[in-house]
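Novice: Those protein sequences? They're chains A and B, same order as listed.
If you count the first sequence from 1, position 113 lands on 392 in this note's numbering, and the numbers rise without skipping.
If you count the second sequence from 1, position 166 lands on 1586 in this note's numbering, and the numbers rise without skipping.
These are computed hints drawn from the structure, not numbers from a lab.
Wrong hints could be hidden among the right ones.
[Stated by the list, open to error] Restraint ranges, calculated between C-beta atoms of paired labels, are given here:
#: 1; chain 1: A; residue 1: Asn509; chain 2: B; residue 2: Ala1595; range: 47 to 57 Å
#: 2; chain 1: B; residue 1: Ala1668; chain 2: A; residue 2: Val760; range: 56 to 66 Å
#: 3; chain 1: B; residue 1: Gly1469; chain 2: A; residue 2: Arg340; range: 32 to 42 Å
Positions of the beta carbon are idealized from the N, C-alpha and C atoms, including for glycine.
In case you want the letters, here they are:
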Amino acid sequence: MPAIAEHEQKFAAEVDRVTRLSDAAERLLALCDEQHVAYANQSASAITRMRGWVLEALGRRPPLADATIPYVLEELEAPSHPYLLAVAARCLRAARNPHASFALALGQAFRTAPRLEAPVILGAYGGFGGGPGTVTTSPVRELVATIEWLGPLAAPLAEDIHDALGSGSVTPDVALALEQLFATLPSDPPRECCSELPESIARFVRWRASPQRGVGADLDRVMLEDHCGNRSSFRGLFRNGYPTVVAFFYTRCDNPFKCSLTVSKLGHVQRLLHARGLGNSIRTVGITYDPEFDTPTQLSRYAHDRGLLLDSRHLLVRATAGFDELKHHFALGVSFFESLVSRHRIEVFVLDQKGCIASTFHRLNWSEEQVVDQAAALVQEKGGRVGSMASFVGLAALAVPKCPVCWATYASVLGFSGTLAYPTPWALQVLAAVLLIAYFTGMLWQAHRTGWRLEHAVAVAGGVVATFNTFVVPAGAESAVAVWVGAALMACASIVSVARRAPGSSFGREVSASRS
Amino acid sequence: MRKNTRRTPTTRARDRRARASRTSAIDKLPALELPTGTRAHRQALAILGNGEETLPRRMEALRVLQAATFAEPQFDAVRADYIAALRKLVHDPEPELRHRALGFLSRGHDDYAQATLLEGLRHPDKALVSPGDALAYLSYNAHAGAQSIARSLFKESKDHVVREQALRVMASDPAARRMIRTTLADRNEPVSIRQMSAAALHALDPQALQDWAVKAVLDKTEPEDIVATGLTAMNQFSDATRISGNAALRKRIGEMRTKGSGVMKRLAKSITAKHKL
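One chain only, chain A, in its complex shape:
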């Protein structure tokens, strides 16, 4: 048998020690966290053995705490290693009660297990070796035992069991156990068979942030590069007035149920957004855990292969600076072996219009519909106060004076101030607000000087229509007609004002008369 590295030996001994303590469950749960210092700079294989040993210890101390169950289900939903899969299947049987929602993860594991089938020795660190108290088993054997434990709640797996029996892909003793189990399953599955996780467990894998986690100054160091090579700051990318669905992944992930599936599902999120008419008001961004390896070319190829459409609103990015700050901000469940990702969980976030984390989905498989619902709710919530960028641009354009000389002046000002080189959303918002204030102040001053006239009323009405459309109407529901009406009213006010000053015009005479 290969010798185990010293670090792993110490870790295994520590797990054995804490298992005997009265607060073993809490201590072992802490060891499940990917960010635990014990996993720092350990290879993927080492971490697999270490986590497997922790799950084995947890399984020996029933009942499992609700907080532990997501770690167990995670290994069943995204199986990649025989030892971890067998241990997780056994560990689940230490749960207080079987629950219908476990069937989903067990089904996934049961369909994948035949390809991962290998001898696993439970009670021996890493699943190989042996000695007193060890049991030789395999992922399929443990899964079948757990499905038996699930009892009638395993009804949704009837088809999978039937297929396994029909294909002859199980050993005779496993086939016998499956046949007996199949005979006991109700032909008409109970309605709760495919139910959601109970809230007591679900709260550990998805939640709405309250209060929403803000964007701290430490994120100023973060620089992101997208699949086209364009660079942007964290604030520039996420504090843009749009909610954003953010998913983490890396292209070298060898677990098809994690990163590859996450990016494919991000593509589905895009399609759902477009179907709901939210494609332009909610962004999607995938961020790689592996910025050193995942170059823009690599990101483009990965997205293309998984049906993800990339454009200026839907991006895959890597952090060219400040990845540690990014990791801290999102509290990422990822560990590294030198520069390689050695372990990570599934992680999806919904950010609000200011880049704050509004909702988190992690560890277990996430529902695209739920994520889209969360993001859409943000559009509804914030829409009354924050308009879309298009509206700001339009508003800014409406509010500026429009003579050719003025345009040259604007170009100079924008040029020497560097505004055009840094067209961040907040800059446009500030620009629009400043111009509006100047516009209304100028109009009121003019009205005060000359007395209220038709053009003043029309100009203010136009400004109010455009402002209302941008700031009050919910984002995504702004009306192009309202913009045009506002623009038309403002243009009419300008024409009336100029006509009044034109010599010989009726307006001009009216002005002269009023002055005399």
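Model the placement of chain B on the given structure of chain A, informed by the hints.
Specialist: Showing chain B alone in chain A's frame:
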């Protein structure tokens, strides 16, 4: 300082002998008379695990079983036993069986095989295969955790085979980028090592490889094999504007179309046609 040589005749002969010895057993494989389905797999497993059987029969049993791993759904019923048998073979006295077993297990990212190979690299007295072979098997899995060992072997070993295989592992290790770039630019390194470095750099930093390729092609003092590597990198992965925008490079490629060896002419013509120079 290492000599600037190609792979030496001695090395080539050794590689040829190793390849020949590994294929000779296959050439002589007897046809096993096996039933069909799971029974056949079980019989083949029995032959494979029986040290009294002849090597050709055991090799054939291994071939039959490995073919069945992806061809027959019934194989799943014996997959665990097959993996267990392969793990035993890792310690078999027959080197051919050891190599085959380690190769198959490593391709499946088997934890036991990886741990055994890594242990052999850390403690050569426990090694079941040569360091070069161990690195080759470990390179199948970027997550095997062999990167730091590969880097140190690459620096310390005098064996070209070990260093070449170390580069295969380092191709998945961004921390090795600088070392690979330095090796690629180092004229004192053997050509085969520099060529392997080029492949590794392409995996880690394609842009850096293209930068190097331009320099290599323009440098008339570089060995022909290295220039050919640079031309190949350009031909396969460079974009047209990068080449067409460089007058010196266009001129040099133009010269190569008429001067130099047949390989160089072909590569130069291919680039010219592909990028419409």
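Novice: If a hint holds in the structure, say so; if it doesn't, say that too.
Specialist: Now for the hints, and whether the structure bears them out:
no., hint, in the structure
1, Asn509/A to Ala1595/B: 47 to 57 Å, "violated, 27 Å"
2, Ala1668/B to Val760/A: 56 to 66 Å, "holds, 59 Å"
3, Gly1469/B to Arg340/A: 32 to 42 Å, "holds, 38 Å"
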